[in-house]
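In my numbering, the protein residues as written are 21 to 918.
Quick caveat, the hints were computed from the structure, so don't treat them as lab data.
Bear in mind that the values here come from a model prediction, so they are computed numbers and not experimental data.
Warning: the hint list may mix true and false statements.
[Unchecked claim] Subject to a maximum C-alpha distance of 16 Å in a straight line, what follows is the list of computed EDC-like cross-link-like pairs (lysine to aspartate or glutamate): (1) Lys866 with Asp250; (2) Lys201 with Asp250; (3) Lys429 with Glu487.
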Amino acid sequence: MVDYHAANNQSSTGGVQTYMEQENDWDRDLLLDPAWERQQRKTFTAWCNSHLRKSGTQIENIEEDFRDGLKLMLLLEVIAGERLPKPERGKMRVHKINNVNKALDFIASKGVKLVSIGAEEIVDGNAKMTLGMIWTIILRFAIQDISVEETSAKEGLLLWCQRKTAPYKNVNVQNFHISWKDGLAFNALIHRHRPDLIDYDSLRKDDPVTNLNNAFEVAEKHLDIPKMLDADDIVNTARPDEKAIMTYVSSFYHAFSGAQKAETAANRICKVLAVNQENEQMMEDYEKLASELLEWIRRTIPWLENRTQEKTVNDMQAKQEDFRDYRCVHKPPKVQEKCQLEISFNTLQTKLRLSNRPAFMPSEGRMVSDINGAWHTLEGAEKGYEEWILSEIRRLERLEHLAEKFHQKAAIHESWTDGKEAMLTQKDYETSTLSEVKALLRKHEAFESDLAAHQDRVEQIAAIAQELNELDYYDSASVNARCQKICDQWDVLGTLTHNRKDSLERTEKQLESIDELYLEYAKRAAPFNNWMEGAMEDLQDMFIVHNIEEIQGLITAHEQFKSTLAEANKEREAIQSIQSEVQKIAQSNGIKLSGANPYTTITPASIDSKWKKAMDMVPLRDNALQDELNKQNSNDTLRAKFATQANTVGAYIQAKMEEIGRISIEMNGTLEDQLTHLKEYQQTIMSYMPEINTLEGYHQHIQEALIFDNQYTSYTMEHLRVGWEQLLTTIARTINEVENQILTRDAKGISQEQLYEYRASFNHFDKDHSGALQAEEFKACLISLGYDVENDKGDSEFARIMGIVDPNGSGAVTFQAFIDFMSRETTDTDTADQVIASFKILAADKPFITAEELRRELPPDQAEYCIARMAPYTGPNATPGALDYMSFSTALYGESDL
């Protein structure tokens, strides 16, 4: 709490003149004039309310509302901008006196000598004392600082009024009473500073009430100066109250004297906000583009990772066509967006560095590295999806081939087994003769031979079914059912065969006659017939090959088969000769044959028919193999065409990647010349695009032909696509680096010679021509430029510099970061302190600012920009709607505190 007596002593010993002395002692007797007292009540009440409204309160009766000292202390806190001791909240007289004393002590601490004003008189509601105290406050806080040419406050205010109204007719300000009665002086003050608000030429000296009301209303509506005087009181009083006039006129002085400061402060804020708005727009554009690209990647990867199997080769080829459409139509625009995103990010970071703003940190998951990571994942998914499609096509081709083979063999087997169960279960031997039984036994032995021959086919059927199950054939259920039926029937046939053989052997002892020739025929005809059926199966067998060697192997095997036909034909003729011998013997011995061969159902006619059918299949097989050979020769031509183009494109991309690396290091001339050269170089590279498209066409033909390997080249289409995209991205980044150097040069005022010097120094220490300096190389470069970074103190300085040029701690310094640092060392930019000082001027030295003040001093769009981003002010003297401009200014520059 302020020591009242110490404050008085300080005032007298320090030579501070109190305002009671400057303006002579306050004359209480003048307050006996009711007109003057009424004017002072209105004026002082309005003046107090103009400050109290900042804290959301006001007074109605000046001597009553200050009696408890609470609003008096609040008034002093508002106008002084300082915190007073905590008031006492009790309602007793002693509490009120203590609160008033705290207010009086604070006034005394400001060098004001209070004469004959005590706390008890204020508490008692003494109007004279209360008005005197308020006048003292007005003198100290509203008029004391007014000084023109080293005059006193009153004289300075009078001189200011005289100078401002000198050009106006009918205005002659000589005092603060009768000079203001006609109202023209008030209107002249307003017109001098705001001619748009007053039509001065329309005013008449003989109409003072209209003049006064016009000035009071304009001041209240447009200048935020409350109406403190009453026109009728002034006109009807011979000599208006001087203190009331001075109080009201001082409000005009404070309103207009800060206009120039406010304009300057507003201009500075507009400049800062314009830069910040542009940067924020770029940030929003980056965030939007990054979000859209990441969302596209997020949607695309699940599609590429989908491994839903199809049932047919055609369905998988449709998926392959969709993937080809994605690669050629949907992905290229996204490659361009990704490149543009990196360029925008680098440009934004350069602008932020040039405007002394903190580096832009995209929201979580949207960094350039995050996008590159997601892109890498996308490309990995692409590669995996393409490989999966090709492997699925191979698998389905294999499945369709196996399924066809299974059903073919199953049909042949089912045809063979048709009626076999009925044959094996008949009881014909029970009523047969011996010869007939022997014949039946021989026939059964032949059947067993035939049954054994068919065992291999049954095993093949089961093996094919097992393979179809392992390869996840979509119709495995029907395959398994048919296979199971065949196996069950085969087991039944085996059991029935064994049972019938036992029955025949039991009766063999009574039946001994047998026809050897029939038996020999049956034994030789059965395997030959089985051989013919196997040969026909092989001649009709489907085949899948992927290169010339495989088809040539099939052709060789077919030629070997054809070489065995002569020997097979001899066997056929021998079998037919057995049947001829049977006929000859029967004819020569007058034997009447009872019917067909009892040991077999294979007739000579069926053997001849199957032989003819097999011979007809041989040329068809020849033609099919020759067609496949022609197809493989065509495929080999496609491989060679793709390989020739791929080897040319691959060498071109590799050469251009090495060339662009040299260009970025060895560029000469002005930055504009370098930029022009790089863009011409970029156009040269883009002119090579038709060669890439030609290669894509070859690649499409190869995929359509289902060619999966190429021994003529080590390049794949995927490798060349990635290389081409990297080449385009590298030249775009190099162009962006030169553009950023131009931007840095123009913004920082760096001369072309300085840039040459910086580039020469950088290239000299970039020994490996990597485009970046390692820490030790950068340190040597700084030493060459005159920086002291070698001793202990220099180590800390070098660490500071590395923190600026390498904020991510990568250990390498790029040329752009080097240029930014060197330009920052030689230029000046706006700071957070400067912006805070500008806002403080607009806020009339308050620690906060209101939305109304921002809209009054700033352009509409930037005023709304500040209002939307400023946090509510919660510090001392906070009022409703108060905004915190300090934290806002600090945030513009990325600082945690002032």
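Verification of the hints:
no., hint, in the structure
1, Lys866 with Asp250, "violated (30 Å)"
2, Lys201 with Asp250, "holds (11 Å)"
3, Lys429 with Glu487, "holds (15 Å)"
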